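With the hints as a guide, dock the two chains, each given alone in a separate frame, to form the complex.
So the protein sequences, as listed, match chains A and B.
To convert, note that position 45 of the first sequence is 45 in our numbering; the numbers rise steadily by one, no gaps.
To convert, note that position 90 of the second sequence is 90 in our numbering; the numbers rise steadily by one, no gaps.
These are computed hints drawn from the structure, not numbers from a lab.
These numbers were taken from a predicted model, which means no experiment stands behind them.
Keep in mind that a hint or two might mislead.
When the alpha-carbon atoms are kept at most 30 Å apart in a straight line, the in silico BS3-like pairs for lysine-lysine are as follows [said to hold, decoys possible]:
no.	chain 1	residue 1	chain 2	residue 2
1	A	LYS265	A	LYS141
2	A	LYS195	A	LYS141
3	A	LYS295	A	LYS141
4	B	LYS65	A	LYS195
5	B	LYS11	A	LYS295
6	A	LYS81	A	LYS195
7	A	LYS81	A	LYS265
8	A	LYS265	A	LYS295
9	A	LYS295	A	LYS105
10	B	LYS65	B	LYS2
11	A	LYS141	B	LYS94
12	B	LYS2	A	LYS141
13	B	LYS11	A	LYS105
14	A	LYS265	B	LYS94
15	B	LYS65	B	LYS11
16	A	LYS265	B	LYS11
17	A	LYS105	A	LYS81
18	A	LYS195	A	LYS265
19	A	LYS295	B	LYS65
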Amino acid sequence: MTKYIIDGEDLTSLADAIREQTGETGALSLDAMKVSIGNISGTNFNIVGGTTEPANPSENTIWVNTDVEITSWAFSATEPKNSIEGMVWIFMGTSSNAEFNALEKNIITINPLSAQQYVNGAWLSKSAQSYINSSWVGWLKDLYVDGSEWSTRGLPPNGDWKYTQTPTATKNSDGSTSLALNVTGSGCGGVWELKTDVDLTDYSTLVLQCKAESPSSQVGEVVHLIVMNRSTTYWMTSPAAIRTIPNTSAVFETYTLDISNLNGKYDVALGLRWNGAWLGAATVTARVYDVGLRK
Amino acid sequence: MKTIYIDFDFKCHTINDGTMTAVETDFFEGKCDTFIEGYRFVPFGETWTRSDGVVFHGEMITPWKPYDELDAAQRIYERQLIAEYESALAEIEKALGV
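Chain B extracted, bound-state conformation (with noise of 0.2 Å):
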């Protein structure tokens, strides 16, 4: 599980400013800054209002930011993330001789 914040407009952030609001799920388990703070999540028995004036209730866990730049975001830090574990990977083998 993962604790994230969401503000009076659900959108997520992963730092508390003092106003927000504590959720616990694990919906963004290894996702970065950029992909959470991309999403909004609506706790059940809350409602949100689009700008159209549609409403919806929550549990609505879903992207107010383009989700192709949410996905691009996420996928370079997948990469970055398997590069350093070559990368300590390697060092371990070189100590062990390997």
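Just chain A, same shape as in the assembly (with noise of 0.2 Å):
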């Protein structure tokens, strides 16, 4: 391998530099190294990927769950002009849980929302988390923390829907869980719910992360997000609101419900409803790796 001198200093040695400031491990190609550097001078944060929580981390570390080279960064309201491939993109509100100082000396307080990265020329979703009071914070509230908080319920079907598989406290390698839902006729029914309401009175957006995973015979079986009142029994024409969960992603995906109208406590549920012909019984799976209330 070759080595550059600068001014005496090789690379491996500024990389250690910025190894020890960021916290960041593992070893840096020269537009991480970059990264780093325009991280560290006159802010108050920094911004690291990878798909393992940092280790040692300083405050205001954001740690961006990326298995792709993060080359740049924005925080902007709208989708940044120049993209280019691994730019991570921090989407910024007017609050957050995770507001923090981005300056060392003076105040430009941010907000951020959630964070998106150019790959393969075009925005996918990636989940963040920033370190604050010497703590990691989700940028959503959560509402999945290992399962135990949620139920499924056999909703009385037009139809014979069931479920079959009862969330656990044992997560995927990948951190995600399973719901399955057997489908033994048309119409929909079970949900998989949280066990106690959710108040939605401070938070204007519900965010799902995950993927549904169906047999390729039945693709006309549509994965809901849905809030609604417990009291709720046909949930599909009796929801406060629904956004539909596509079965054809192969990654998972963020999915975002505008709550902004709704005030008060509401169960928030994953539901399953057949849209379109009959094609007989099948399992469908909603892959959840997090669902979570954004200010």
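Below you can see the structure in the form of structure tokens.
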């Protein structure tokens, strides 16, 4: 390997210095080092990638959960004009669970709401957390912790639907939980829901990170993210709000539901509904990575 | 299924003014006009941008008016329907002499 020398220091030493400042581990490419240097100089935060929680992070570290190298970043309320491969776009709002001051001396208050990364010519949603007051703070108010706070309910169906798997405290190796809903008849019915109602008053957006997996013969089964009153029985015609989750995504995606006009306590649930010609019994799985609320 | 109409902002209407798109959905089965017209229906494949800049993708059906108001209007409508049905039932029973 060729060693590049700058004022008597080689890049290895420079990378060591960066790692000491940022808490990052592992090798750093030149592009990653440029990002880190930009992070350190004059600002009160840094942005790191990776799929495992950074060890020894500094205050206001933003960790974007990604296996794609971060080449640059932008804080913007609108899509960055000059997007480049690997860029992270942090969407800001007027309030957030992870508010922080971006400068060392003066004040620029940043309210991060969501992160996306430009990969292969498209923006992909990424989960992110901030290290604030010596602990990691999610940008979402998490409604999903370990599965035990959720339960299944077989609602009186317009058909004959059942759930087959009760969520447990055991997650998949990637941190998700698979929720299987068994279809034995047309219509819609059983849901997987939070055991207690959630007060949506201070929040504007319900966020779900999941992918719906169904047999190719059952593409008419559609997972729905539902907000309703707990007394609701046939949820398709009685919810307060719904968002459909396509069954065709091969990766985890972020789905959002506007709840800005819902105040008070509601039941948050995932349900299954048949949308199309009946093709026979099957099992559809909603593989959930995270569910949360955003201000 | 019920036919409703959505405008350029995806707000729902029960009458088409000639500029709207018709949508078939059973989400509004049994719902009164006041309830329906307080909702936004973003079809699959479409996006809607909220006033704070957050972008939402369809299919999404969610209130754009305070849901409490819409729910209250729907309950009044249902009580009126029940009263009408009971009145009609009473007339039938009277006619039958039961």
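Verification of the supplied hints:
no.	hint	verdict
1	A/LYS265 with A/LYS141	holds (15 Å)
2	A/LYS195 with A/LYS141	holds (16 Å)
3	A/LYS295 with A/LYS141	holds (9 Å)
4	B/LYS65 with A/LYS195	holds (27 Å)
5	B/LYS11 with A/LYS295	holds (23 Å)
6	A/LYS81 with A/LYS195	violated (43 Å)
7	A/LYS81 with A/LYS265	violated (40 Å)
8	A/LYS265 with A/LYS295	holds (16 Å)
9	A/LYS295 with A/LYS105	holds (27 Å)
10	B/LYS65 with B/LYS2	holds (21 Å)
11	A/LYS141 with B/LYS94	violated (59 Å)
12	B/LYS2 with A/LYS141	violated (36 Å)
13	B/LYS11 with A/LYS105	violated (46 Å)
14	A/LYS265 with B/LYS94	violated (45 Å)
15	B/LYS65 with B/LYS11	holds (10 Å)
16	A/LYS265 with B/LYS11	holds (24 Å)
17	A/LYS105 with A/LYS81	holds (29 Å)
18	A/LYS195 with A/LYS265	holds (12 Å)
19	A/LYS295 with B/LYS65	holds (18 Å)
In the structure shown, a violation is registered for the earlier hints numbered 6, 7, 11, 12, 13 and 14, in ascending order.
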